[in-house]
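Knowing the structure of chain A, use the given hints to seat chain B on it.
2 protein chains.
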Amino acid sequence: MILTIRVLFSLLLLLTSRSYADDGYRLWLKYDLIKDAAKRDAYARSAQFIAVTGNSPTLKAAADELQVGLQGLLGKAVPVLTNAGNRTGGIILSVGNGPVAGAQLRTQEGYQITSRSNNIVVSSKSDAGVLYGAFALLRQLQTLQPINALSLTSDPKVRYRMLNHWDNPNGTIERGYAGETLWKWYELPERISPRYRDYARANASLGINGTVVNNVNASARFLTAEYLGKVAALANVFRPYGIRVYVSIYFPAPKVIGGLKTADPLDPEVRKWWADKTKEIYKLIPDFGGFLVKANSEGEPGPQDYNRTHADGANMLAEALKPYDGIVLWRSFVYKADPKADRFKAALEEFGHLDGTFDKKVIVQVKNGPIDFQPREPFSPLFGKMPKTPLAIEFQLTQEYLGFATHLVYEAPIFKECLDSDTYAKGQGAPSSGATVAKVVDGSVDGYPITAMAGVANTGSDRNWTGHPMAQANWYAFGRLTWDHTLSSEAIAREWIAMTLTKEPQAITRIADMMLKSREIYVNYNTPMGLSRPWTGVHFAPEPWQNKSPRPDWTAVYYHRADSVGLGFDRTEKGSNALAQYNPEVQKQWNNPETCPLPYLLWFHHVPWTKKLSTGRTLWDELCTRFYTGADSVGWMQQQWAQVKGSVDPETYAEVAGRLETQHKEAIWWRDAWVLYLQEYARKPIPAPFKKPERTLDEVKQLVDVYLLR
Amino acid sequence: MILTIRVLFSLLLLLTSRSYADDGYRLWLKYDLIKDAAKRDAYARSAQFIAVTGNSPTLKAAADELQVGLQGLLGKAVPVLTNAGNRTGGIILSVGNGPVAGAQLRTQEGYQITSRSNNIVVSSKSDAGVLYGAFALLRQLQTLQPINALSLTSDPKVRYRMLNHWDNPNGTIERGYAGETLWKWYELPERISPRYRDYARANASLGINGTVVNNVNASARFLTAEYLGKVAALANVFRPYGIRVYVSIYFPAPKVIGGLKTADPLDPEVRKWWADKTKEIYKLIPDFGGFLVKANSEGEPGPQDYNRTHADGANMLAEALKPYDGIVLWRSFVYKADPKADRFKAALEEFGHLDGTFDKKVIVQVKNGPIDFQPREPFSPLFGKMPKTPLAIEFQLTQEYLGFATHLVYEAPIFKECLDSDTYAKGQGAPSSGATVAKVVDGSVDGYPITAMAGVANTGSDRNWTGHPMAQANWYAFGRLTWDHTLSSEAIAREWIAMTLTKEPQAITRIADMMLKSREIYVNYNTPMGLSRPWTGVHFAPEPWQNKSPRPDWTAVYYHRADSVGLGFDRTEKGSNALAQYNPEVQKQWNNPETCPLPYLLWFHHVPWTKKLSTGRTLWDELCTRFYTGADSVGWMQQQWAQVKGSVDPETYAEVAGRLETQHKEAIWWRDAWVLYLQEYARKPIPAPFKKPERTLDEVKQLVDVYLLR
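As given, the protein sequences belong to chains A and B, one line each in that order.
Using the UniProt record's numbering, read the first sequence as starting at 1 and increasing by one per residue.
Using the UniProt record's numbering, read the second sequence as starting at 1 and increasing by one per residue.
What the hints contain is simulated information worked out from the structure, not anything from laboratory work.
Backbone N, C-alpha and C define an ideal beta-carbon position, used for all residues, glycine too.
Where hints are given, some of them may not hold.
Stated by the list, open to error - Which residues of chain A face chain B? A few of them, derived with a C-beta cut under 7 angstroms, are:
(1) Ala220
(2) Lys279
(3) His353
To be verified - Facing chain B, from chain A, some residues (calculated, C-beta under 10 angstroms):
(4) Asp23
(5) Glu190
(6) Arg195
(7) Phe404
(8) Val538
To be verified - 30 angstroms max Cα-Cα, derived DSS-like pairs, lysine-lysine:
(9) A:Lys279 x B:Lys665
(10) B:Lys60 x A:Lys645
(11) B:Lys701 x A:Lys272
(12) B:Lys416 x A:Lys701
(13) A:Lys60 x B:Lys645
(14) B:Lys279 x A:Lys701
(15) A:Lys255 x B:Lys548
(16) B:Lys701 x A:Lys261
(17) A:Lys701 x B:Lys272
(18) A:Lys665 x B:Lys279
(19) A:Lys701 x B:Lys548
(20) B:Lys261 x A:Lys548
(21) B:Lys701 x A:Lys279
(22) A:Lys35 x B:Lys76
(23) A:Lys255 x B:Lys665
(24) A:Lys277 x B:Lys665
(25) B:Lys60 x A:Lys701
(26) B:Lys701 x A:Lys283
(27) A:Lys665 x B:Lys701
(28) B:Lys255 x A:Lys665
(29) A:Lys255 x B:Lys701
(30) B:Lys665 x A:Lys283
(31) A:Lys277 x B:Lys701
(32) B:Lys283 x A:Lys665
(33) B:Lys35 x A:Lys76
(34) A:Lys701 x B:Lys277
(35) A:Lys30 x B:Lys548
Just chain A, with the same shape it has in the complex (with noise of 0.2 angstroms):
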């Protein structure tokens, strides 16, 4: 009888599946059964009872987490206790700083996992630990490893690991193309969708602890009694999940709701209006995190408005933040309209003399290069000039000038090729002298007593939340790296198939090789060698031809200084000399133009078309070298995930094949952007083996106009 209902049930959970195509909505949170029978056993000899002691929300969070998945991954129901009492086999979720809570861990929310008298225990010295590490158990089995033998110690490198959401009230999201907002500001704070919930779920399995609930171009209702109560609702829901909610502030909040002649940050009225309506807020929200600004920057009004430094500005908020756990991220990416000035340079020239003069609640959040996500920057010089600045590292996850949600580019390479930059920041050391960028943020290098991260949030109300399916992999990269930025690309990606697209090996080998190259892939067609920004005005299509702006520094031709000579932008001493802000370990491997790492090229020089570089090749053949095998690789892509279409759910491969499609048909438009336009400088014919585009400058333009007209 047992064995008749337990075969019914595995028919039911097979049909069951079968009968639902994937639609994304799970992430990787997928508890689908695991197929082979034998290890499903073996899993279950060690998951025999959950028991948690303590019914904290966030240890509930953790033991339903448990309960849910292991009955979707074994295919039984496993009982919660609230004692384990003598009993083994079992998973026990333990809270404190007694020997078995871990006392190696550094950290209030790192966690262990380790086996003891036949039990797993999951300790932490706080209930998010527990949370984050019965996610990280449930990971194991969800990526088929062993669990019998367990002796895992993990510590967030970083303590406050957070995304930005850039989301208007209106539900529009300023870069989002995975539809409108996730938050219903009409619907809260009555109707609570289940959807928050799970947005916290996904958020946690990560460890992300942080959500800034609105667009750094910020509303003032977000500081209004309505709309805290909405934002309120939120963190009440985000709460048992170690997720605490931040807002981006409109700078002059004080004039525009609360009625005063200026927000002039050093004025005692304005000093006043804000510590009123911090306390305001954590009365409703006792767990919020801080705030987020935006200021002079972009038109955003600031604290400059008033003749006073972005400093006074932070420190007035650090000063209102005082009474409670919160912080201020204040971001430095600022640049002023000037034709004559290198806007690379502009955020250290602002910041860079401010080090040491904000108060200890303020981290600058720093983009992770000069400019502004371009699909390759080098890092920021300021993460090598800030000793007494806690900085923040901000990277973008949604596709703003990666090809919206239509081309598949797997972002951890991006990021990590930031966080292992070497910034020479305490001087020379061989090879390197191991002050990354992932150091100065993570605290190592100066001790910042404060760290954070951040990611602009690709995420929306798109059914499966990133529109691209394989854009989740960037929400669950950045994640992962928040946590711990030594992890690599590949083991990321690896890890994400197997809980999010399928368990075959050799799928997910294929899968991650095609994840792993699709940055270089993407980079090739639409900004190879430092190339950067030539972006329509919706940042969709190629217009490297626009020389016509409000501002000088938002036109195509600023950037890439294409003429009858070479291609690139100056930055040794002969032109803008940025380089200079960087240490000088770091110059000298970018300010020889015979030296300077191609990747980097455009970045930092002005070079000839007919200058041979080190491929062989004159700039001109190697940059039509790099468009042409840009866009044919997007047809490889095609074929790699062609041959995973077996090991797929079948809706999921149609969209990732149609997405392709369109990916492939786009590169090969901004190739042939890019090298007609600059061949009218250039006049040099497409070298052999490659052939000319079939279509003209005159109908590319007319192409990408069509996406310029209102």
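Just chain B, lined up with the frame of chain A:
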């Protein structure tokens, strides 16, 4: 053994349907197992097979839908045969003009469902008609009606039954409150979302046969080859479901994308451009439906820019469409920014004298009321005054002025109230002339050769399509009324509830009661007795005090005309004399303030605050009574809903309950805004038993201001 498998299968279905919360995606096309086994068996005896001769995509869609539907409803697989042979006890789908196919049908799209020789025969003159019949048959089962002796004959009363999507190329929807556009323009044409087909199924199930894919404030993108390719990909998905695509055009397209110097509709080059463009479209989309046009309206360009008439513009497009089976829908929604004028009169003033001058391929599309989709409007005077011009009626399903996606307003009573209004287009009659708006629109009054109804869609990318789960009923009701405007609001509501929410008779009655009263409740707290348009810029919050705007007719005071004497817009001959636009019998109903029905009173009269009304109360007291009882009635709706908790899906229950809570809060907000504002003119106390609002007018305004912040 057979029994065992059947038991297993039933259990499987039961468990499956239980393990998934209902997220609303399936709309009313829910084919969950019928709980009553006897009923199931009875149905099963009459549905042992589906026989269909011919394999057109539309017939295949009909057979597929029946097969999937029966499988779900009956829990048994039903085979599809190409020929019934001598078999009985099945369903036969039949196209043709033979005796079985129903000689009584008046139209190509009509269907018959009859019992013949122990089979159920679904017949029509067209494949699409068979599809409509298949959905009608499924509806019988979904609403638990007997099917063993069916004799249904059904013809659509209107030929073009259309949804208008005000969707923009950037993904937003003008006046959309259910997420982003359904059409993924950046993915099309390569990737075809499975959702497109489900959209088509839902529409086909109602008889909707046309979709205008883009906003009437149109982007010229939709006439470029790039976007026509995308539209064609949608058309390919919709075609098997009998749905034709239409596009909204940007009138100056010949200039903007054609490179011409003018868009003058009488210019030969312009006419040639449109003819060529139309040819290009029909090459891609052989069953293209035609063009929808908003011209010389709210800043949109049009023929008047060249001193031509609307007829000149429309007839030019009709000429371009001449070789094809396509039509022009030209909107009459026009009004000038003239503070002296009455916007009410604008449409007839501009279009009345053009009656008889439009090409026979042109339909003039008229909003139901003279202003703009207000919660209650009198019918547009055009419906009684354009005998020589086919008039389409345009309703708005999306709740622009009906509380967005948080207020429960069942719109069928709005549609019916207008459709059943007597225009007296043919003069007197007793008790009515019979020339209702519906009969004008369906052509029976004036013998229009082509007829149409259009609904501005309330669909979006939200999982449940319409944001508010109950708003699905508005899509449903509109669709059913396009097919048959004689259906009652109640019959439609009961049908929809049974298909969508619950089959329990008591719960159906309770929910239907709530739905049927919801519109009057909304009117009462929002704009009672003929008030209109006191909305903020985004049409969300109350703003009766609003008196500044770029246009005088975009202020609130323009509409309500509150002063120390009284309230309301005098449209009698002492005032704007808009009433003179109606036929004399209609004028008689409304032009005397003593006898004008209260729901229309302030539409036509400026009434003193102290005026005693037919209810025995003064105007002021009557207004207060309606505002207060309206807001209180939302509390009643909450109670009604609470009582059906056990009868509907828990997730749906919670979602509606949350939204009702918001609605209650906002209803009180509207009430307070109005009574506090009007009180400044009326200078009367709030009559007992009502208590004066707990907040001041300034406090109400401050809350409104929050929603006006960027």
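With 10 angstroms as the cut and Cβ atoms as the points, is Glu190 of chain A at the interface with chain B?
At 4 angstroms from the nearest chain B Cβ, Glu190 of chain A passes the 10 angstroms test, so the hint holds.
Lys701 of chain A and Lys548 of chain B were given as a pair; does the straight-line alpha-carbon distance stay at or below 30 angstroms? violated, 43 angstroms
Has the given pair, Lys665 of chain A with Lys701 of chain B, been kept, meaning a C-alpha gap of at most 30 angstroms?
violated, 52 angstroms
Check whether the Cα positions of Lys279 of chain B and Lys701 of chain A lie no farther apart than 30 angstroms. holds, 24 angstroms
- prompt: Is the Cα-Cα distance between Lys60 of chain B and Lys701 of chain A 30 angstroms or less?
  reply: violated, 43 angstroms
Given the hint that Lys35 of chain B pairs with Lys76 of chain A, does the C-alpha gap stay at or below 30 angstroms?
holds, 28 angstroms
Worksheet item: If you draw a straight line from the CA of Lys701 of chain B to the CA of Lys279 of chain A, is it 30 angstroms or shorter?
Response: The given pair, whose Cα atoms are some 24 angstroms apart, holds under the 30 angstroms limit.
* Asked: Should the hint that Val538 of chain A touches chain B count as held when the rule is a Cβ pair under 10 angstroms?
  -> At 7 angstroms from the nearest chain B Cβ, Val538 of chain A passes the 10 angstroms test, so the hint holds.
Checklist entry - Is it true that the CA of Lys701 of chain A sits at most 30 angstroms from the CA of Lys277 of chain B? => result Distance ~20 angstroms between Lys701 of chain A and Lys277 of chain B Cα, so the pair holds.
Given pair status - Lys701 of chain A, Lys416 of chain B, alpha carbons within 30 angstroms = violated, 51 angstroms
Subject >> Restraint status (C-alpha distance of Lys701 of chain B to Lys272 of chain A at most 30 angstroms) >> reply: holds, 25 angstroms
- Query: Is Lys255 of chain A close enough to Lys701 of chain B, meaning Cα to Cα at most 30 angstroms?
  - Reply: With a Cα-Cα distance of about 17 angstroms, the restraint between Lys255 of chain A and Lys701 of chain B holds, given a limit of 30 angstroms.
In summary, the numbered hints that this structure violates are 2, 3, 12, 19, 25, 27, 35.
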